[in-house]
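Student: One-letter residues, chain by chain:
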Amino acid sequence: MNHVPSNGASAYHRTEPHYIAELTKVGRGTPMGELLRRYWHPIGLTSDAGSTPRQIRALGEDLILFRDGSGRAGLVHPRCAHRGASLYYGRVEDRGIRCCYHGWLFDVEGRCLEQPCEPNAGASTCGRIRQPYYPVEERYGLIFAYMGPPEKKPVLPRFDVLETLEPGEFIEADDSSIGSGGPAIVPCNWLQHFENVMDPFHVPILHGSFSGNQFNARMAIMPKVTFENTTRGIRSIQLRDVETGVHRRITEAVLPTIRAVASPRAEKDGPCSLLGWVLPIDDTSFRIYSAGRVLEKGSLAKIRSHFNGKLWHELTEEEHQRFPGDYEAQVSQGEISFHSEEHLGFSDRGIGLLRRMLKQQVQAVANGQDPIGVAFDAAGELVKLDAGTSIQPRGE
Amino acid sequence: MNHVPSNGASAYHRTEPHYIAELTKVGRGTPMGELLRRYWHPIGLTSDAGSTPRQIRALGEDLILFRDGSGRAGLVHPRCAHRGASLYYGRVEDRGIRCCYHGWLFDVEGRCLEQPCEPNAGASTCGRIRQPYYPVEERYGLIFAYMGPPEKKPVLPRFDVLETLEPGEFIEADDSSIGSGGPAIVPCNWLQHFENVMDPFHVPILHGSFSGNQFNARMAIMPKVTFENTTRGIRSIQLRDVETGVHRRITEAVLPTIRAVASPRAEKDGPCSLLGWVLPIDDTSFRIYSAGRVLEKGSLAKIRSHFNGKLWHELTEEEHQRFPGDYEAQVSQGEISFHSEEHLGFSDRGIGLLRRMLKQQVQAVANGQDPIGVAFDAAGELVKLDAGTSIQPRGE
Amino acid sequence: MNHVPSNGASAYHRTEPHYIAELTKVGRGTPMGELLRRYWHPIGLTSDAGSTPRQIRALGEDLILFRDGSGRAGLVHPRCAHRGASLYYGRVEDRGIRCCYHGWLFDVEGRCLEQPCEPNAGASTCGRIRQPYYPVEERYGLIFAYMGPPEKKPVLPRFDVLETLEPGEFIEADDSSIGSGGPAIVPCNWLQHFENVMDPFHVPILHGSFSGNQFNARMAIMPKVTFENTTRGIRSIQLRDVETGVHRRITEAVLPTIRAVASPRAEKDGPCSLLGWVLPIDDTSFRIYSAGRVLEKGSLAKIRSHFNGKLWHELTEEEHQRFPGDYEAQVSQGEISFHSEEHLGFSDRGIGLLRRMLKQQVQAVANGQDPIGVAFDAAGELVKLDAGTSIQPRGE
Numbered sequence: 001m002n003h004v005p006s007n008g009a010s011a012y013h014r015t016e017p018h019y020i021a022e023l024t025k026v027g028r029g030t031p032m033g034e035l036l037r038r039y040w041h042p043i044g045l046t047s048d049a050g051s052t053p054r055q056i057r058a059l060g061e062d063l064i065l066f067r068d069g070s071g072r073a074g075l076v077h078p079r080c081a082h083r084g085a086s087l088y089y090g091r092v093e094d095r096g097i098r099c100c101y102h103g104w105l106f107d108v109e110g111r112c113l114e115q116p117c118e119p120n121a122g123a124s125t126c127g128r129i130r131q132p133y134y135p136v137e138e139r140y141g142l143i144f145a146y147m148g149p150p151e152k153k154p155v156l157p158r159f160d161v162l163e164t165l166e167p168g169e170f171i172e173a174d175d176s177s178i179g180s181g182g183p184a185i186v187p188c189n190w191l192q193h194f195e196n197v198m199d200p201f202h203v204p205i206l207h208g209s210f211s212g213n214q215f216n217a218r219m220a221i222m223p224k225v226t227f228e229n230t231t232r233g234i235r236s237i238q239l240r241d242v243e244t245g246v247h248r249r250i251t252e253a254v255l256p257t258i259r260a261v262a263s264p265r266a267e268k269d270g271p272c273s274l275l276g277w278v279l280p281i282d283d284t285s286f287r288i289y290s291a292g293r294v295l296e297k298g299s300l301a302k303i304r305s306h307f308n309g310k311l312w313h314e315l316t317e318e319e320h321q322r323f324p325g326d327y328e329a330q331v332s333q334g335e336i337s338f339h340s341e342e343h344l345g346f347s348d349r350g351i352g353l354l355r356r357m358l359k360q361q362v363q364a365v366a367n368g369q370d371p372i373g374v375a376f377d378a379a380g381e382l383v384k385l386d387a388g389t390s391i392q393p394r395g396e
Numbered sequence: 001m002n003h004v005p006s007n008g009a010s011a012y013h014r015t016e017p018h019y020i021a022e023l024t025k026v027g028r029g030t031p032m033g034e035l036l037r038r039y040w041h042p043i044g045l046t047s048d049a050g051s052t053p054r055q056i057r058a059l060g061e062d063l064i065l066f067r068d069g070s071g072r073a074g075l076v077h078p079r080c081a082h083r084g085a086s087l088y089y090g091r092v093e094d095r096g097i098r099c100c101y102h103g104w105l106f107d108v109e110g111r112c113l114e115q116p117c118e119p120n121a122g123a124s125t126c127g128r129i130r131q132p133y134y135p136v137e138e139r140y141g142l143i144f145a146y147m148g149p150p151e152k153k154p155v156l157p158r159f160d161v162l163e164t165l166e167p168g169e170f171i172e173a174d175d176s177s178i179g180s181g182g183p184a185i186v187p188c189n190w191l192q193h194f195e196n197v198m199d200p201f202h203v204p205i206l207h208g209s210f211s212g213n214q215f216n217a218r219m220a221i222m223p224k225v226t227f228e229n230t231t232r233g234i235r236s237i238q239l240r241d242v243e244t245g246v247h248r249r250i251t252e253a254v255l256p257t258i259r260a261v262a263s264p265r266a267e268k269d270g271p272c273s274l275l276g277w278v279l280p281i282d283d284t285s286f287r288i289y290s291a292g293r294v295l296e297k298g299s300l301a302k303i304r305s306h307f308n309g310k311l312w313h314e315l316t317e318e319e320h321q322r323f324p325g326d327y328e329a330q331v332s333q334g335e336i337s338f339h340s341e342e343h344l345g346f347s348d349r350g351i352g353l354l355r356r357m358l359k360q361q362v363q364a365v366a367n368g369q370d371p372i373g374v375a376f377d378a379a380g381e382l383v384k385l386d387a388g389t390s391i392q393p394r395g396e
Numbered sequence: 001m002n003h004v005p006s007n008g009a010s011a012y013h014r015t016e017p018h019y020i021a022e023l024t025k026v027g028r029g030t031p032m033g034e035l036l037r038r039y040w041h042p043i044g045l046t047s048d049a050g051s052t053p054r055q056i057r058a059l060g061e062d063l064i065l066f067r068d069g070s071g072r073a074g075l076v077h078p079r080c081a082h083r084g085a086s087l088y089y090g091r092v093e094d095r096g097i098r099c100c101y102h103g104w105l106f107d108v109e110g111r112c113l114e115q116p117c118e119p120n121a122g123a124s125t126c127g128r129i130r131q132p133y134y135p136v137e138e139r140y141g142l143i144f145a146y147m148g149p150p151e152k153k154p155v156l157p158r159f160d161v162l163e164t165l166e167p168g169e170f171i172e173a174d175d176s177s178i179g180s181g182g183p184a185i186v187p188c189n190w191l192q193h194f195e196n197v198m199d200p201f202h203v204p205i206l207h208g209s210f211s212g213n214q215f216n217a218r219m220a221i222m223p224k225v226t227f228e229n230t231t232r233g234i235r236s237i238q239l240r241d242v243e244t245g246v247h248r249r250i251t252e253a254v255l256p257t258i259r260a261v262a263s264p265r266a267e268k269d270g271p272c273s274l275l276g277w278v279l280p281i282d283d284t285s286f287r288i289y290s291a292g293r294v295l296e297k298g299s300l301a302k303i304r305s306h307f308n309g310k311l312w313h314e315l316t317e318e319e320h321q322r323f324p325g326d327y328e329a330q331v332s333q334g335e336i337s338f339h340s341e342e343h344l345g346f347s348d349r350g351i352g353l354l355r356r357m358l359k360q361q362v363q364a365v366a367n368g369q370d371p372i373g374v375a376f377d378a379a380g381e382l383v384k385l386d387a388g389t390s391i392q393p394r395g396e
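Residue numbers (the working numbering), protein chains in the order written: chain G, 1 to 396; chain S, 1 to 396; chain W, 1 to 396.
Among these hints, one or two may not hold up.
Label pairs and their calculated CB-CB ranges [what the hints assert, rightly or not]:
1. S:E318 <-> W:E314: 39 to 49 Å
2. G:L45 <-> S:V246: 45 to 55 Å
3. S:E318 <-> G:E381: 37 to 47 Å
4. G:I221 <-> S:H18: 53 to 63 Å
One-sided and incomplete, this derived list gives chain W residues near chain G with beta-carbon spacing under 8 Å [as the list claims (entries may be wrong)]:
5. T52
6. R79
7. Q115
8. C117
9. R130
Facing chain G, from chain S, some residues (calculated, C-beta under 8 Å) [what the hints assert, rightly or not]:
10. S10
11. Y12
12. F201
13. H202
14. I205
15. L206
16. F210
17. E318
18. P324
19. E328
Rather than coming from a laboratory, the hints here were simulated on the basis of the structure. Quantities reported herein were computed from a predicted structural model and do not represent experimental measurements. Every residue gets a Cβ at the ideal spot worked out from N, C-alpha and C, and that includes glycine.
With the hints as constraints, model all of the structure from the sequences given.
Tutor: Here it is as C-alpha cells:
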C-alpha cells in the first residue's frame with residue numbers, strides 16, 4: 001500500500017491516471033494480444049455456425065462464422081478478397097461461402113474456388129486468391145478458433161473435469177456469460193473480470209453483505225486463503241470452518257482466460273463441474289463462454305445471479321445501486337481500470353500473483369518461447385484441474 | 001490479381017489496410033475535394049429552398065439553404081458572421097435572411113444589409129461584412145451549388161437526354177437516391193457507389209441470382225462488355241444475345257459524379273431517360289439526386305428497388321442477408337473501402353479505367369489545369385450522352 | 001469590425017476556424033480551469049446529497065455526492081482508492097461511504113476508516129489511505145464545492161440581495177437552468193451563456209421581435225447602454241424612456257460565473273431578487289443553479305421561458321426555428337463557438353470588456369496572484385450588488 005501524503009488528500013492533486021496496457025490490450029501486435037493468440041478461444045456455440053453467416057468479434061477482430069453444406073465450420077475475414085463486400089451477405093453453399101457482389105466462392109479455409117465474372121469462371125486465376133481465415137475446432141458444444149501464428153498452433157486442450165462424466169451427465173454449453181453478474185456482453189476490459197477469479201475476499205463483502213447473501217450461508221464467512229502458482233496458472237485455497245469440519249474450496253485461474261470456479265451455490269462437494277472461458281471481444285468488452293457437466297438440459301442457465309430476487313436486467317437503476325454484483329463492481333472501474341490509482345493490500349496478493357504470471361508469459365512470447373500450458377502433441381492434450389470443494393476433518 | 005502466398009492464408013498475417021485518400025476524401029483542400037469543387041453539384045430539390053431555413057451538408061460542409069421573398073435561393077455558411085448563432089434559426093425576409101440573435105440581415109450572396117443593434121442600424125458598417133456563401137443555380141427541378149474557387153466557376157451543364165422531350169414528357173426530380181438500393185442517405189464513401197456504375201458484371205450475380213432476378217430477364221444474362229474513355233468520363237458497352245438480335249446497352253459515368261444508366265427494368269429501348277448525381281455528403285456518406293423524363297408525376301419514385309417483393313426498409317435483418325442489393329454490397333465494404341485488400345480481375349477493368357481517369361483529373365487540377373468536362377461559355381453547355389439501349393441486328 | 005475583402009465572399013475562402021481555449025476550456029490544468037478552481041461552485045441542491053450516492057459532473061470532473069448518517073455532505077472521486085470500483089455503488093453509512101467491492105469505508109473528507117478484508121480490518125493500514133475528495137459547504141439551498149488548491153480556498157461568499165429578506169420572504173433554490181431558455185443541461189460551452197449576460201442588445205431582437213415579445217413591453221425597447229467594470233466583474237446600465245420617467249436596469253456579471261439579472265418579466269422595481277451560478281459541467285455543457293428570494297414555494301420554477309405559449313421542450317422542431325430563444329442562439333454557435341469567425345461591433349463592447357477581464361484574471365492566477373473577488377476572511381464574505389431596476393425622474 002503506497003502512502004498518500006496528507007497534502008494530496010484533495011482531489012485537486014490527483015495525477016494523470018494510466019493503465020497497464022501490456023496486461024489489458026488484446027489487439028494483434030500488442031504484448032497481451034500476442035500472448036492470447038497462442039491459445040484457442042471459444043468464439044461461438046456449435047449452433048452459431050450455420051447456413052446464415054454470423055458476425056463474430058474476438059480479440060478486436062471482426063470475422064464471419066458459417067458452416068458449409070458438408071458440415072465444416074468456417075471463420076473468415078469479413079471483407080471479400082475481391083472488392084471488400086462483406087461475406088455477412090454471402091450465400092452459404094455446399095463447398096463454402098459465396099460473395100453476393102461478384103460471386104467469388106471460398107471454402108472454410110479461404111481457398112477461392114470460383115470467380116464467375118472472370119474468364120472461364122476463374123479456372124486459371126482463382127487458385128491465386130486466398131480469403132484470410134482462422135482455423136476452428138469444435139468441442140464441448142463450443143467452436144474454438146486459433147488466431148495466432150500458424151506455426152505455433154497448439155493442440156486444443158481437453159479438461160479432466162469435462163471428460164469424466166457420471167452416469168446420466170452430459171456437457172452443456174452456454175454463451176450468456178455465467179459468472180459476470182450481468183448481461184452476456186460486459187462493457188469493460190476482460191482482465192477486470194479475470195482478476196476477480198483470484199479475489200476470494202470480495203465474496204463475503206459484495207455477495208455476502210451488500211447484495212444480501214447471494215450464495216449459500218457458508219460463502220458469507222470470511223475465509224482463510226492461500227494462493228499458489230500451478231503448472232497452468234494460479235489457484236487459491238479457501239478454508240472455512242463449518243459444522244462438519246473445514247470446508248476447502250479451490251478456485252483456479254487457468255491461463256490465459258479460463259475460470260475453474262466451483263459454483264458458490266452448490267451444496268454438494270466435489271470437483272468443479274463448470275469451466276468458463278473469458279473471451280476478450282476487444283479492449284473494452286468481453287463475454288464468457290461456459291461448458292459444464294449437467295444432468296438436465298437448461299441447467300447452466302439456472303446458475304445466473306439473482307439480486308433482490310430479480311435477474312440483472314430486471315433491476316431498476318436504484319436497485320443496481322442497492323444490490324450491486326460483480327458486474328457493477330467491475331464495469332464501474334471504467335472501460336480499462338486505471339491501475340495507477342490502485343492501492344493493493346494483503347488481501348490482493350492473488351491479483352498480484354496473476355498479474356506477475358501474465359507479465360512473465362507476455363515476456364516469454366516476446367522472447368520466442370512458448371507460454372505456460374500450451375502443448376503441441378496429443379499427449380499434452382488432457383489438463384488436470386484441482387478446482388472444486390471438499391470437507392476436511394478439522395485440525396488437519 | 002496479386003498472388004497471396006500460402007503462408008499468408010491465415011488472417012493472422014493480414015497487413016494494416018488502407019484506402020486511397022486521393023480518390024475518396026471530399027473535404028476542402030483535399031485532392032478529390034478540390035476536383036469535385038470544380039463542378040456544380042445538386043444540393044437540394046427546388047422545393048427545398050423556402051421560407052424555413054434548411055440544413056444542408058455537401059462535400060463535408062454544413063450550409064443553410066433558403067429562398068428570399070423575391071424568389072432567389074441562397075446558400076450560406078450557418079454561423080452568422082456576427083457572433084456565430086446559426087442562420088438555421090434565422091428569419092427569411094423579402095431581401096434575405098436575418099439572424100435571430102442580433103438581427104443582422106444578409107442577402108442571398110451574403111451581403112450584410114442591416115445591423116439593428118449598431119449605431120444607425122449599421123448603415124456605415126454593414127457594408128464591410130460578408131456572410132460566406134456559395135452561388136446556386138436551378139435546373140431540372142434541382143438546386144445546384146458551385147463550391148469551388150469563384151474564378152473557376154464553369155457553366156452549369158445541360159444534358160441532351162433531359163432537354164429533348166417527347167410529347168407529354170416533362171422533367172421530374174427526386175432526392176431518394178434512386179439506384180442506391182437503399183435509403184436516401186447511404187452511409188459509405190461516394191466512390192463505392194460511383195464505381196459500381198462501371199461494373200456491369202455484378203448485375204447478373206447480385207441482381208440476377210442472389211436476390212432473385214430484380215430486373216428483367218435479359219439483365220440476368222452475363223454480357224459481353226467493352227469499356228471506353230469518353231470526352232466526359234467512361235462508358236461501358238454491354239452486349240447480350242436476345243431473341244430479336246443483340247441487345248446493346250451503354251452506361252456512362254460522367255465525371256465527377258453523374259450516372260447515366262438506362263433503367264434495367266425498362267422494356268422499351270432508346271436513350272437513357274434518367275440522370276443521377278452522386279452527392280458526397282461527406283467522406284462517409286452520400287445521396288443521389290436524380291432528374292428524369294417522365295409522362296406521369298411520381299414515376300421516378302416507382303423505380304425504387306424491390307427485394308423479395310418488399311422495399312428495402314421493410315426487410316428484416318435476415319432478409320437483408322438473403323436478398324442483398326447494391327446497398328449491402330457497397331456499404332458493407334466499410335465507411336471507406338480498404339483498397340489495399342482488393343484483388344481486381346479482368347472483369348474490373350472499368351473500375352480501373354475510372355480510377356485512373358479520376359486520378360488524372362485530380363492531377364490536372366493540382367497542375368492548374370481545368371478538369372475534363374468543364375466549360376466556361378454557353379456554347380459548351382450542352383452535353384451529349386450515348387447512354388441508352390438498342391437492339392442491333394445479329395452479326396453486326 | 002474587420003474588413004472582409006470581396007474576393008473572400010465565397011465560403012470557399014473560409015480559413016480554418018478556432019476558438020479561444022484560454023477563455024473556454026475548464027479542465028484541471030487549463031488556464032480558465034485554474035481560474036474557475038479559485039472559486040466555490042454549486043454542484044447540487046441540498047436535497048441532492050442523501051443516502052443514495054449521486055453522480056456529479058463539474059468542471060470536467062466526475063464525482064460522487066452523498067450525505068453521511070450524521071448529516072455531513074461528502075464529494076469524492078468516484079473510483080475507490082483500493083481497486084477502482086465506483087462509490088456510486090457504495091453504501092452510505094453513519095460515518096461515511098463504503099465501497100461495494102471489498103468494503104473500504106471512507107468519511108466525507110476521504111479518510112479511510114475500515115478495510116474489512118485486510119488483517120485486523122485494516123486497523124494498522126487504513127490510516128495510510130485517502131480517497132480524493134473536495135470540500136463542500138451548503139448555503140441558499142445549494143451545495144458548493146471548492147475544487148482548487150487547498151491552500152487557496154477562499155471564504156464562501158454571501159450576497160446582500162439574498163441576505164436581506166422582506167417579511168414573508170425566504171430563499172428558494174433551483175437547478176433547472178433558469179435563464180438558459182431551454183433544458184437543465186445545455187450542450188454548449190458555458191461562456192456562450194455567460195457572455196450573453198453582458199449583451200443587453202439581443203433582448204429587443206431575440207426576445208422582443210423574433211419570438212414575439214417574451215418579456216414585458218418595456219423590454220422590447222432598444223435601450224441606451226453603458227458598461228462598467230466593478231470590483232467583482234462587469235455591469236451594464238440600460239436606460240429606457242417609459243411613461244413614468246427613465247427605466248434604469250442594472251445587470252451584473254460577477255466573476256467567474258454569477259448572473260445577477262433582474263427578472264425581465266418583473267413589474268415591480270427594486271434590487272435583483274435572483275442569482276444564477278453558471279456551472280461548467282465540462283467544456284461543452286453547462287447548467288445554471290439559482291437561488292432567489294420568494295414569497296411562495298415553487299416561484300422560481302414559474303420564471304421559465306415560454307415561446308408561442310409553450311415550454312421549450314413542448315416545441316416542435318419548426319417552432320424552435322420560428323420562436324428561437326437564448327438556447328437556440330447560444331447552442332447553435334457550436335459546442336465551443338469559433339471566435340475567429342466573429343465580427344464584434346459597437347454593441348458588443350460588454351462582451352469585449354468581459355473577455356478582457358477574464359483574461360486578466362487568468363493571467364493573475366498564472367502569476368501567482370489572487371483573482372478578483374476572492375476573500376479569505378469572514379470580513380470579506382458579504383458581496384454587495386447593484387443589480388436591479390428603478391425608475392429615475394426624466395432629465396436626471
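Student: Cβ-Cβ distance between I221 (chain G) and H18 (chain S): within 53 to 63 Å?
Tutor: Between I221 (chain G) and H18 (chain S), where Cβ atoms are some 58 Å apart, the hint holds.
Student: Would the stated hint for H202 (chain S) survive a check requiring a Cβ distance to chain G of less than 8 Å?
Tutor: Since chain G brings a Cβ to about 5 Å from H202 (chain S), closer than 8 Å, the hint holds.
Student: With a cut-off of 8 Å, does the beta carbon of C117 (chain W) approach a beta carbon of chain G closely enough for the hint to hold?
Tutor: With a closest approach of 4 Å, the C117 (chain W) hint holds.
Student: With chain G as the partner, please determine if R79 (chain W) meets the hint condition of a C-beta pair closer than 8 Å.
Tutor: Holds, because the Cβ-Cβ distance from R79 (chain W) to chain G comes to roughly 6 Å (cut-off 8 Å).
Student: Does the Cβ-Cβ separation between E318 (chain S) and E314 (chain W) fall within 39 to 49 Å?
Tutor: holds, 40 Å
Student: Does S10 (chain S) pass the interface check with chain G, least Cβ-Cβ distance below 8 Å?
Tutor: S10 (chain S) check passes; min Cβ-Cβ to chain G is 5 Å, inside 8 Å.
Student: Do the beta carbons of E318 (chain S) and E381 (chain G) sit within 37 to 47 Å of each other?
Tutor: Holds, at about 38 Å.
Student: Quick check on the hint: I205 (chain S) CB to chain G CB, less than 8 Å?
Tutor: holds, 4 Å
Student: Does the nearest C-beta of chain G fall within a distance shorter than 8 Å of the C-beta of L206 (chain S)?
Tutor: holds, 6 Å
Student: May I ask you to test the interface hint for Q115 (chain W) with respect to chain G, counting a Cβ-Cβ separation under 8 Å as satisfied?
Tutor: Holds, because the Cβ-Cβ distance from Q115 (chain W) to chain G comes to roughly 6 Å (cut-off 8 Å).
Student: Between L45 (chain G) and V246 (chain S), does the C-beta distance stay in 45 to 55 Å?
Tutor: holds, 53 Å
Student: Minimum Cβ distance from E318 (chain S) to chain G below 8 Å?
Tutor: holds, 7 Å
Checked against the numbered hints above, the structure violates none of them.
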